[in-house]
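**Q** Listed below are the residues making up each chain.
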Amino acid sequence: MVRRLNKKAIVGLSIFFFFVVIAFFAPFLAPYDPNEFVGIPYSRPTSEHILGLDRMGRDILSQLIYGTRLSLIVGLTTGTLMTTISLLIGMTAGYFGGLVDRILSTIIDVFMVIPGLPLMIVIASYIRFRGVVPIILVISFTSWAPGARVIRAQTLTMRNREFILASKITGEKSRRIIFSEIMPNMLSLISSNFFVACLTAIVGEASLEFLGFGDVSAITWGTMLYWAQNSSALLNNSWGWVLAPGIAIATLGASFALLNFSIDELTNPKLRGV
Amino acid sequence: MLLEVRNLSAGYKSQGKEIEAVKNVSFSLDENDFLGIAGESGCGKSTLLFSILRLLKRPGEIFDGEVFFKGEDILKMDEETLRKKRWKEFSLVTQSAMNALNPVYKIKDQIMDVILEHSDYTKIEALEIIERVLQMVGIQKERMDSYPHQLSGGMKQRVAIAMALVFSPSLVVMDEPTTALDVVVQRSIMEQIDEIRNTNKFSMIFVTHDISLLFEISKRIAIMYAGELVELGQTKQVYLNPLHPYTSGLINSFPKLTKETKEYKGIPGKIPDLSKPIIGCSFKERCQNRKELCNTRPEFKEVIPGRWVACHFPL
Amino acid sequence: MKYLREKIVFFIIALLSALIINFVLPRLMPGDPAERILLKMGGDIQPEAVEAMRIALGVDKETPILKQFFSYLKNTLTFNFGISYSYYPVPVKDLILDALPWTIGLVGISTLISFVLGTALGIRAGWNRNKPIDSFVTISSLIIRGFPYFWLALILLYVFGFLLNLFPLSNAYSTHEFLKGWKFFGSVIYHGFLPGLTLVLASLGTWILTMRNNMVSVLSEDFILVAEAKGLKDKDIMNKYAARNALLPSVTSFGLSLGYIVGGALLTEIVFSYPGIGYLMYKGVTSQDYPLMQAIFFIISLSVLIANFMLDFVYMFLDPRTRG
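Protein sequences, first through last, are from chains A, B and C.
Quick note, the working numbering runs 40 ahead of the 1-based positions in the first sequence.
Quick note, the working numbering runs 84 ahead of the 1-based positions in the second sequence.
Quick note, the working numbering runs 169 ahead of the 1-based positions in the third sequence.
Keep in mind the hints are simulated off the structure, nothing from the lab.
Bear in mind that the values here come from a model prediction, so they are computed numbers and not experimental data.
Be a bit skeptical, because a hint or two may be false.
[Said to hold, decoys possible] Straight-line distance between alpha carbons at most 25 Å, and here's what the computed DSS-like set of lysine-lysine pairs gives:
| # | chain 1 | residue 1 | chain 2 | residue 2 |
| --- | --- | --- | --- | --- |
| 1 | B | LYS97 | C | LYS300 |
| 2 | B | LYS172 | B | LYS154 |
| 3 | C | LYS300 | C | LYS409 |
| 4 | B | LYS160 | B | LYS97 |
| 5 | C | LYS404 | B | LYS190 |
| 6 | B | LYS168 | B | LYS190 |
| 7 | B | LYS169 | B | LYS285 |
| 8 | B | LYS141 | B | LYS169 |
| 9 | B | LYS101 | C | LYS300 |
| 10 | B | LYS207 | C | LYS402 |
| 11 | C | LYS300 | B | LYS160 |
| 12 | A | LYS47 | C | LYS300 |
| 13 | B | LYS320 | B | LYS285 |
| 14 | B | LYS141 | B | LYS172 |
| 15 | B | LYS207 | C | LYS404 |
| 16 | C | LYS409 | B | LYS192 |
| 17 | C | LYS404 | B | LYS172 |
Full structure from sequences and hints, please.
**A** Next up, the structure:
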């Protein structure tokens, strides 16, 4: 089973690093300047332009390659911020218990059921500044709840373990117990959470940008789709323009899902089952 | 003879690693017998039970051996034939009563389904049977409309036992049935089982790590260590005159209620790692009597009629 | 009944939270959205509309905040959302009433189909865990789950609507001719098919994985072993013992995922120009029609909360332990 499980993790990691490499070496890999007019707008894929050209005659493959940069950065930053919020709230609720837990758990549950995207849309439309920062903040502050829920549950069981009780008795500070004793013991849970957060972030980013909430002059997979939709790319048969960013999003998303799934299998003996 | 286990080996296979949790176990069971199998946790007792009933799930696997039940090898039977024999011929009471019952169905429905599966009784007749078996274990018939979560741990275990007895099978296998319960409840359940066995004849294999309990209740006892049976015999004789050093160590390791002082000594060391091959006697590392010969594997053999032991130098 | 009481209390708390978020947001954000709208509209705006917008968006700096909140609460709970700015002078309430049935129909039906289908597949995958069929179903679910809803919508629209010309490219029913009765119904199904398919496909993977993992967990329980020892048929063990119990956490996740599904549905509606709440919200977004957006956010939250509350009843029916 471990071999199989590693297979999922290995595939996930390989995909992830594939995108990291592309993002890093974008200037060397991209055949054209992504902002430069290089041919007839809406050109179908040819051997020179594998994915065709956009409305402004820019090379779509080059945009895709350059778009990896910002998409990846936004995804990872959002994932990190979201995980941090989940951790802080989840661990506080689980560790202190009692009234603190009741209040925080209710807040977590409320954020679980309140529809995230509509909330993101409302918040984003009030923010007049368009760019990656609002996107990162909006997604992080609306999507942290599922992670917090899992971490709270885990902290709750951890709280009564012997080594934690011992630290409490010897009068260690709560903050120290939480960060140097509970947290290191949930690393696998935290990392599996981080991957879910990144998946949420990648899809959320694309959705918001698709709706025009991003900086539409920046190149990301989401803004590519925004322009494709607003230039009726498909009705002009420019399918590469729509297909490529979507597949990129889905593939990166799948790599996060695979990583999360393989960690779940590792840590939950019931899921390993056989 | 009701059940005969011959050279049964079973264990777990994963990533090319093989753990032999049950090694070359042989024993037999007569009609109306009561065999207790005792051993520390991790010695392979549950694996042995599930192998006998062919309930071992992957990555668990039976490597070798035969299990004859009324002359037929359970391990070679085709699945449908075996399924039809299950519960009618032999039934199971599991370790944790808490989880042995399906939480979403009423007690009566869980007994009903097995009755309807294996007989031609109507639902009304089945209800009468359910009433009767519940009464047998001291549960009021009104309780059959309860869900498992509405019963106490002891009651759930009684229901599990009642369920195991609905067809009056000739063999009931119990895997640590009282472990999760407190001592008082445990005792009253054991008395109940005893009482039932007086009126309904059936054979029982009772597995537990609580060897003192077995010395009190079982007719014959088998001691298991590191996947092997090391001693088997009439309970009383084993208790008074243990032949294997491990048995003797176990007997000395529990407090005797008759004595004032609670001083008792454990056996130093721990069970060997089953994923590595063991050369010679599996107990030799912890044995005070070990000699050169102990580096060869001792055979499990009958040394006195009815007394089996796997030791080169029985006490 | 403790369970029911808890659920009612939570419903109220969650509803109140949605209301508070809606109230606080426009007051928290930099700039004054209401002022902007009023300025743009110039003089041709009815006094009542001005009043409603003041209450909803908090223009009035003099009125105490608590008083503002109660007027807002009263207005919102009576569904008085004021006048839409982009569809001036249509009341927001009317716009929502026109759009809501389409969304509820589309999202409700496709989500149910997806949940039932995904759960059924998840049962099979979990039961045959680690056999090839399980690996296949699990891996494909993981991959499908990564596709954003709107992208799947774009692709389906392109392939089946545009290239193959099998389905309409927009709208919820035929707008070229006036249809009645069954013909109208048929046209609704025809128009709803691709958006529906998008929603089913996009969420299917989630239900498969959820149920598959729940099955695998339940299969290690003792009562499954007992069921096998009882000599019950495999089919009965799978359905009555394993799946019946694995369904409980699935229903819980279903409730918790509704918010996410609705988000996906919004995007799908936008791609298909389907005249539901999502498309309406999009229109509101593009023209900065804050009263409309706020009202829609509230209505969506309310619908999700009501759906969740209904699911709590289903759960109570499924799990005897909640009935005390």
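**Q** Return the numbers of the hints above that this structure violates; sort them in rising order.
**A** none
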